[in-house]
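Student: Residue-level listing of the chains:
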Amino acid sequence: MQESVCQEDVYNALYHKHFKGLRNYVYYKCGDLAQAEDIAQESFIRLWQKCADVILEKVTGFVHTVANRLFLDQVRSKKVSLRFEKDQLPQQNSEDPYYILRTEEFRERIEAVISDLPEGQREVFLLNRIDKHTYKEIAEMLGVSQTAVEKRMAKALVKLKDRIEEFKNI
Amino acid sequence: MSEELENKEIIARWLSGELSDKEKDALTQRDDLNDLKAVLDDVSTWSLPPVDTAEGLKRLRAKTATAKPETKVISMRPLLRYAAAIALLATVWFVFDYTQKNGMVDLETGLAETIQHELPNGSVITLGAVSNASYDKGNWEEDRLIDLVGQAFFDVESGTKFTVNTAFGDVTVLGTQFDVQTVNGALKVNCFEGSVAVSSENGREVLKPGEGLIFDKGTFERVDFRNTTPSWTGGTSVYEGTELEDVLNDLKRYYKVQLTLPADQSSTNFTGSFPHGDLAQALRSIFSPLEIQYTLSADGTVVFN
Chain X
8 MQESVCQEDV
18 YNALYHKHFK
28 GLRNYVYYKC
38 GDLAQAEDIA
48 QESFIRLWQK
58 CADVILEKVT
68 GFVHTVANRL
78 FLDQVRSKKV
88 SLRFEKDQLP
98 QQNSEDPYYI
108 LRTEEFRERI
118 EAVISDLPEG
128 QREVFLLNRI
138 DKHTYKEIAE
148 MLGVSQTAVE
158 KRMAKALVKL
168 KDRIEEFKNI
Chain B
1225 MSEELENKEI
1235 IARWLSGELS
1245 DKEKDALTQR
1255 DDLNDLKAVL
1265 DDVSTWSLPP
1275 VDTAEGLKRL
1285 RAKTATAKPE
1295 TKVISMRPLL
1305 RYAAAIALLA
1315 TVWFVFDYTQ
1325 KNGMVDLETG
1335 LAETIQHELP
1345 NGSVITLGAV
1355 SNASYDKGNW
1365 EEDRLIDLVG
1375 QAFFDVESGT
1385 KFTVNTAFGD
1395 VTVLGTQFDV
1405 QTVNGALKVN
1415 CFEGSVAVSS
1425 ENGREVLKPG
1435 EGLIFDKGTF
1445 ERVDFRNTTP
1455 SWTGGTSVYE
1465 GTELEDVLND
1475 LKRYYKVQLT
1485 LPADQSSTNF
1495 TGSFPHGDLA
1505 QALRSIFSPL
1515 EIQYTLSADG
1525 TVVFN
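One line per chain: the protein sequences are X and B, in this order.
In this text, residue positions in the first sequence follow our numbering: the first is 8, and each later residue adds one.
In this text, residue positions in the second sequence follow our numbering: the first is 1225, and each later residue adds one.
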């Protein structure tokens, strides 16, 4: 028998594999972890209800599209403020040429710059950096071309680079 | 300096390590990327709180346990609708089959009409609005050939093989579910199950589930999609970046409506869908996302403001 999303073990495996990534994706858009979890959960409920209509290989695209629509249906908050868990700061070592880039203050500034990126750039940047997805994988998830993903990423990187230079010169 | 990095997405490919040697050489000349790299490496170590998926799945199951029977009831409705359509049309074909001398079966749909018909090999064809399909029943075992103008969805019994002949090329079935469309001067084929071969003067392409092909003005374009049946058989038409003009041509196949696209919208693309049962809703679905103002008069003419 061919594997189908309607088979409980197949569906459960998909949930374990993709839930966190989907939750992160929504968080990058809305900046509210509880809301992100609700939307990701609702997206997976829709997947179950539509299990007979969704091709197994296209599940990630489906749940990301649903999550995006749910996000748009709910009020799109104007400004997001993302917070990440970070490792302990390394021992301050003045020999390290980049030590200034790893101070707590600097990291908070970077967090704010990322939060201020337009939604499209922000989600691509973080899906690549935090969730370690390749541009190709992101393109499949979001249903856009790989070039479109690279364009958004390039814009985000240039903005980040310019702001880093500004901060260093203060 | 920054424009140069954004140009051709060099900076994005620099990060993913996909630059050509020439591009790499140009970048080693500059040292302003080191700080950025250090920050990006740091951001890569950031994380979000973990998720307890075992617990989440339990909550989801508790919710869907009651919802599931309900969706089953809903999913029966389209089947009943088809059953009604078949019952109505079966009488027409009955007469048809006896009057046809050469055994030609001719299926034709008008505006807003969809019909379903079982082919001699047990496969089922669903014909979309304003379409025509015909085949020779007497010769079926030999040719297994269907001529198609318009749009149709085929659910093919496994082990049977046949060819759909269109003005733009032939589509050969390799045991499968697929969708063929020859509307707006282009051939569109989507494969939902099994595999499908499309051949024309320009060559032969084989499609796998979730893959489609648009053959327009002599060029092939491959597309991906996610649903397991075409949306139009469920009463909606769905588009992704389609020229508005083509969308409106489809609209005219489902509704008695008069409209001419304003010249300044000729290069507008549409992403979205419209329903087949409600004209006012369909117009709203197309034009409000595009912010195009219009009025619908009682005689079915749409005027753009």
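Rather than coming from a laboratory, the hints here were simulated on the basis of the structure.
Hints may contain errors.
[Claimed, not checked] Now the in silico label distances, taken between C-beta atoms and shown as ranges: (1) ASP123(X) - ALA1250(B): 27 to 37 Å; (2) PRO125(X) - LYS1480(B): 28 to 38 Å; (3) GLN1489(B) - ASP123(X): 26 to 36 Å; (4) VAL17(X) - ARG1428(B): 32 to 42 Å.
[Claimed, not checked] Not everything, but these chain B residues come out facing chain X in the computed CB check (under 8 Å): (5) ILE1235; (6) PRO1273; (7) ASN1389; (8) PHE1392.
By construction, the Cβ of each residue, glycine as well, lies at the ideal position given by its N, Cα and C atoms.
Student: All hints are to be evaluated individually against the structure, with a verdict given for each.
Tutor: Hints, one by one, checked against the model:
no.: 1; hint: ASP123(X) - ALA1250(B): 27 to 37 Å; result: holds (30 Å)
no.: 2; hint: PRO125(X) - LYS1480(B): 28 to 38 Å; result: violated (43 Å)
no.: 3; hint: GLN1489(B) - ASP123(X): 26 to 36 Å; result: holds (34 Å)
no.: 4; hint: VAL17(X) - ARG1428(B): 32 to 42 Å; result: holds (33 Å)
no.: 5; hint: ILE1235; result: holds (5 Å)
no.: 6; hint: PRO1273; result: holds (7 Å)
no.: 7; hint: ASN1389; result: violated (28 Å)
no.: 8; hint: PHE1392; result: violated (25 Å)
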